[in-house]
Amino acid sequence: MENARTVDIAQLVADHHAAVFRYAYRLTGATCDAEDLTQQAFLAAHVNLDQLREPEHSRGWLFAILRSCYLRLCRRRRPIAAANLDLDVNTIPAESPDELLVDADELQRAIDDLPDEFKLVVLLFYFEGCSYREISEKLNVPTGTVMSRLSRAKARLRARLFEGEAPEASPPQPAEGRSARPPTRAARAAAHHAG
Amino acid sequence: MDDHQEIPPDLLIALDACRADSPDRELPEVAEALARHPAALVDRVRRRLERTDRAIAAALPRVPVPEGLAGRILANLAHRSPVGDCTPAGGAAVGVAERSRHGSFVRLRRAPRLRLAVGTAAAVAAVALLAVSVRPAREIDMATVEQLARDFYATDEHDAELSTTASPSDFPLDGRLASSHVNGWRRVAGGFLNRPAVAYEMSSRGGAVPATLYVINSRSLRVAGAGASPRAPASTGGITIGVWQDNEHVYVLVVRGEVRDFQSFFPPSRGVA
Numbered sequence: 001m002e003n004a005r006t007v008d009i010a011q012l013v014a015d016h017h018a019a020v021f022r023y024a025y026r027l028t029g030a031t032c033d034a035e036d037l038t039q040q041a042f043l044a045a046h047v048n049l050d051q052l053r054e055p056e057h058s059r060g061w062l063f064a065i066l067r068s069c070y071l072r073l074c075r076r077r078r079p080i081a082a083a084n085l086d087l088d089v090n091t092i093p094a095e096s097p098d099e100l101l102v103d104a105d106e107l108q109r110a111i112d113d114l115p116d117e118f119k120l121v122v123l124l125f126y127f128e129g130c131s132y133r134e135i136s137e138k139l140n141v142p143t144g145t146v147m148s149r150l151s152r153a154k155a156r157l158r159a160r161l162f163e164g165e166a167p168e169a170s171p172p173q174p175a176e177g178r179s180a181r182p183p184t185r186a187a188r189a190a191a192h193h194a195g
Numbered sequence: 001m002d003d004h005q006e007i008p009p010d011l012l013i014a015l016d017a018c019r020a021d022s023p024d025r026e027l028p029e030v031a032e033a034l035a036r037h038p039a040a041l042v043d044r045v046r047r048r049l050e051r052t053d054r055a056i057a058a059a060l061p062r063v064p065v066p067e068g069l070a071g072r073i074l075a076n077l078a079h080r081s082p083v084g085d086c087t088p089a090g091g092a093a094v095g096v097a098e099r100s101r102h103g104s105f106v107r108l109r110r111a112p113r114l115r116l117a118v119g120t121a122a123a124v125a126a127v128a129l130l131a132v133s134v135r136p137a138r139e140i141d142m143a144t145v146e147q148l149a150r151d152f153y154a155t156d157e158h159d160a161e162l163s164t165t166a167s168p169s170d171f172p173l174d175g176r177l178a179s180s181h182v183n184g185w186r187r188v189a190g191g192f193l194n195r196p197a198v199a200y201e202m203s204s205r206g207g208a209v210p211a212t213l214y215v216i217n218s219r220s221l222r223v224a225g226a227g228a229s230p231r232a233p234a235s236t237g238g239i240t241i242g243v244w245q246d247n248e249h250v251y252v253l254v255v256r257g258e259v260r261d262f263q264s265f266f267p268p269s270r271g272v273a
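Protein sequences, first through last, are from chains L and P. Residue 41 in this note's numbering is what sits at position 41 of the first sequence, and the numbering runs on without skipping anything. Residue 106 in this note's numbering is what sits at position 106 of the second sequence, and the numbering runs on without skipping anything.
These are calculated hints, taken from the structure and not from any lab test. We treat Cβ as the ideally placed atom computed from N, Cα and C, and that holds for glycine. Some hints here could point you the wrong way.
[Said to hold, decoys possible] In silico lysine to aspartate or glutamate, EDC-like type, Cα no more than 20 Å apart, as pairs: (1) 138/L / 106/L; (2) 138/L / 117/L; (3) 138/L / 128/L; (4) 138/L / 24/P; (5) 138/L / 15/L; (6) 138/L / 29/P.
[Said to hold, decoys possible] Covered stretches of chain L (chain P as the covering partner; in silico rule of three or more C-beta atoms under 8 Å from a C-beta of chain P): (7) 18–31; (8) 122–128; (9) 147–161.
Turn these sequences into a full structure, and let the hints steer you where they fit.
As C-alpha cells, then:
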C-alpha cells in the first residue's frame, strides 16, 4: 500500500500525459492512433498501479507500458521487412559548426518506415536516452543485436534526413563557389521555419 | 583522414551505440571495437555522429499535444474497461485488430464473443476505481486540480439529463451558492479525479453566466492550498475555476466567464476569500 499513499493515476496523467503522447505519436505516426495508444497505456497503468515500485521512475514505467501496448497491437499487422535495412557507412554529414536542422515531417516518415524492432531501439536511444545495454535489458535482446539494429536504423534516418549533407554524396563544388547541390532536407527545413 | 574516406562498418556500429556526451565509449564492447582504429579517425567520426544524434534527439519531442488530452484520459479511465494487460510482464490482450482509418496502425475492437469477458473486466475496473477512492488520504496540488478540471469540463456531458429533485445528501450544494440558479444535478459517471462526484449545472445573472459545480467525495483526497472558501480563482481562455474544500468534499466551480462572473455566484458577504 506504500504506492497508494504516494502515487495517484490522476497525478500520473497530469505529469506525464504529454510525454507519453509524444512517444506514442513517434511510434504510431498519427495523432488519433497516438491518442488511442496513450489512452490504453494509462488504462493499463491504472489497473496495474500497484506494480509501480518506485514513483520517481513513473515516466520510465509508463513508457514501458506504452511500448508493451504498442507491441501487442503491432503483432496484428504485417511487419515491415528489415532485409533492406542495410548498414550504410556513407550517411554521416560532414563536420560543421552549423546546427543541423531536422524536417519534422520527414523525421516521422523515416521513423514510420522502420520495422518495429528497429523503431523501438531508435526511440529508446533518442527519446528515452537509454544506453545500448539498457535497451538490451528492456527488450531482452543481445547487446550485439541492439548495436547492429541501432546503427542500421540510425543510418536510415541519416540518409532520409540529411541527404546531400553526407560528404560522399557531395559533387565537386563549382569554381564560382556557388553550390550546385540540391537543397538538403535541413535547408528545406530551415526555409520552412523561416517561411 | 578527410570526410570522403570510407568509415569501417565495425567502427560505425560501435560509435552509433554511444550516446552523445556519455561514457558509453568506455563500455567493453565499444572500447574493444574502437581500439582497432586510429584515435584520430575515431574522434572525427564520433563528432560527426554526435552532431546528427543531437539534431534528431532535439527534434523527436517536438510533437504538439492535443488540447484536453489529460481530461479525456481521465474520463476514459472512469468510463472504459481495460482492453488488455499492457504492462511489460502482462498477459494476453482482449480484443481483435481493426485497421485504423488514419494509418497503418491497428486499434482494438472488442469481439462480440468476448463481450461477457469485457463486461466482467468493466466490473473489475469499477471495483478498481472504488478501491482508488478508499485509499489513504493523499494530496494533489491546486494547479493540477485546476488543469484537470479545465480538461474535464471541456469534455464533460453538460447536456446530460439533470435531476431536479433535492440535492443528494452525500454531495450537498455549498450553502454559499444557494442564491445561484441551479438547473439540476447529475452524478458524474466514473467520478471526478477518480472519486465519486456530483455535478450541479447552474447559472447567475439571470442565466447569462453558466457554470458547473463539481462536488467530489474527498475522504481520500486533499487539495494542497485549497481553503474553506475559493481563493484567487484561476481564469484563462474565458473559463474561471475556483477550488475549495471541507472535511468531506472538494468543490470545484467552473464558470464560463471572467473572475467577476465567478464572483457573481457568491453573495458579497459570503464570497470569494
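Which numbered hints are broken by the structure, listed smallest first? Of the numbered hints, 1 and 5 do not hold.
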